[in-house]
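K.L.:
Go by the hints and put chain B onto chain A.
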Amino acid sequence: MLNLEQLKSRIEAAFPSARLEVVKNPGAPGQDSLLLSDPARAREIAAWLRDQPDLRFDYASNVTGIDWPARTVVEKHREKQVIDGVEREIERATERTIPGCLEVVYHLYSMQLKHGPLILRMRTRDRAEGVHLPSLTPVWRGAEFQEREVYDLYGVIFDGHPDLRRILMWDEFRDYPMRKDYVEPDDFEYEPTPHGEVLERARPHYRKPE
Amino acid sequence: MGLGQGHIGLEIIMDEALRNELKRHGILTTTLEDLYNWGRKNSVWPLGFGLACCAIEMIAASMSRWDLARFGAEVFRPSPRQADLMIVAGTVTKKMAPQVVRLYNQMPEPKYVIAMGACAISGGPFKQGYNVLKGIDRYIPVDIHIPGCPPRPEALLHAFMTLQRKIDSQSLLGPERPRHLQAEAPSEFPVPEYGEHDLEPPKNGTLWQPPVLARG
Chain A
1 MLNLEQLKSR
11 IEAAFPSARL
21 EVVKNPGAPG
31 QDSLLLSDPA
41 RAREIAAWLR
51 DQPDLRFDYA
61 SNVTGIDWPA
71 RTVVEKHREK
81 QVIDGVEREI
91 ERATERTIPG
101 CLEVVYHLYS
111 MQLKHGPLIL
121 RMRTRDRAEG
131 VHLPSLTPVW
141 RGAEFQEREV
151 YDLYGVIFDG
161 HPDLRRILMW
171 DEFRDYPMRK
181 DYVEPDDFEY
191 EPTPHGEVLE
201 RARPHYRKPE
Chain B
1 MGLGQGHIGL
11 EIIMDEALRN
21 ELKRHGILTT
31 TLEDLYNWGR
41 KNSVWPLGFG
51 LACCAIEMIA
61 ASMSRWDLAR
71 FGAEVFRPSP
81 RQADLMIVAG
91 TVTKKMAPQV
101 VRLYNQMPEP
111 KYVIAMGACA
121 ISGGPFKQGY
131 NVLKGIDRYI
141 PVDIHIPGCP
151 PRPEALLHAF
161 MTLQRKIDSQ
171 SLLGPERPRH
181 LQAEAPSEFP
191 VPEYGEHDLE
201 PPKNGTLWQP
211 PVLARG
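Sequence order for the protein chains is A and B. Residue numbering for the first sequence follows this note's numbering, beginning at 1 and increasing consecutively. Residue numbering for the second sequence follows this note's numbering, beginning at 1 and increasing consecutively.
In isolation and in its complexed conformation, chain A is listed as follows:
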């Protein structure tokens, strides 16, 4: 199994300007991933990962997206304060807003050396305007349709993609259905056994009791 920390320092040695981060997966040991905090040089790093003789990540098996809406976290921390000459410990809560972003995850394997997966992540700047990421299709040809799918469902624009069109939805479609704030068209007029969220959506269509 790859040591991500070692790989990270090797990439940093090869690309001094690259900023990387190891993202721990607390639920599954050995499935930590490498986040390219600055995706500007992602394609060079990807080509390097593919071409290094002892890495040879020649196969991008899976490309997927994640939507991270902006969220507010409340952090509690204790601090000591002197009130009326007595030292007391006071709990303070501060709210912090984490801006939203879209994330793309690549699962890389080496067919030649039979190792992997290396999980590579990239994040967009935000969810509205700065949704551009470099396409890795020039490095791994097999990523083409999957990047189109991420574009179709999440709205990430891959710069340098040879044919970036919608792949599942029709071309006239304007929404990104896998985003968390996607609102489906209101066609819940006939739900025979609704429950939960569907019930809430079906209820406005119910006939008023006479």
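Take these hints with a grain of salt, some might be off.
To be verified - Here are a few chain B residues that face chain A, going by a calculated C-beta distance under 8 Å:
(1) K95
(2) Y130
(3) K134
(4) G195
(5) P210
(6) L213
In case anyone wonders, no lab produced these hints; they're calculated from the structure. C-beta atoms are modelled at their ideal positions from N, C-alpha and C, and glycine is treated no differently.
P.N.:
Structure of chain B alone, referenced to chain A:
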């Protein structure tokens, strides 16, 4: 065929006892309507057209084990111009729905539709998704609905026999006559357009209205 009192046009009412009496003497009698419907119901050619996993069951039904040929329906036509029956076998995605309606419009009358499987009749397990049509009966008139996920070939055979009974019972005259004998009845239905958020229109209101459910 003899025309007696109170008979109109093609509708021939022959005394059942007389018919049996003639039969005993080797004379078979029938009506034009019976003959016409007998011919129609025994050569319903389906359109060779599958959308998802239900199509596999449809193919199985047409093969030797279930043998749809027993009902005169083994000739799956590659062109809608030669088909009498559309078996909507599988999930109809919103992207596919206009093509399905267009194929239906291209079929000549008389034409029938079997909606096969949970997806084709209601959207099935994908009902609350963003990309699946909640039943093809929102755009084209469906004669037979088969539930199941997927329905077994026996269910398709049952639907087929139900359709044959429906054809057989159609009277050639009167307000209940089949659609191809009604000059004013529509043979084509509007093809939905791809909209920015959904199909436009999301349903054909003249064909489908949500059933009124009693809610507590």
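K.L.:
Per the CB criterion, is K134/B less than 8 Å away from chain A?
P.N.:
Since the shortest Cβ distance to chain A is 6 Å, the answer is holds.
K.L.:
Quick check on G195/B please, does its C-beta sit within 8 Å of some C-beta on chain A?
P.N.:
It holds, given that the least Cβ distance between G195/B and chain A is near 7 Å, below 8 Å.
K.L.:
Is the interface hint satisfied for P210/B? The criterion is a beta-carbon contact with chain A at less than 8 Å.
P.N.:
It holds, given that the least Cβ distance between P210/B and chain A is near 4 Å, below 8 Å.
K.L.:
Does the CB of K95/B sit less than 8 Å away from some CB of chain A?
P.N.:
With a minimum Cβ separation of about 5 Å from chain A (threshold 8 Å), the hint on K95/B holds.
K.L.:
Taking the closest Cβ pair, is L213/B under 8 Å from chain A?
P.N.:
7 Å, holds
K.L.:
Checking hints one by one. Is Y130/B an interface residue toward chain A, by the C-beta closer than 8 Å rule?
P.N.:
Interface hint status for Y130/B: holds (4 Å vs cutoff 8 Å).
Checked against the numbered hints given earlier, this structure breaks none of them.
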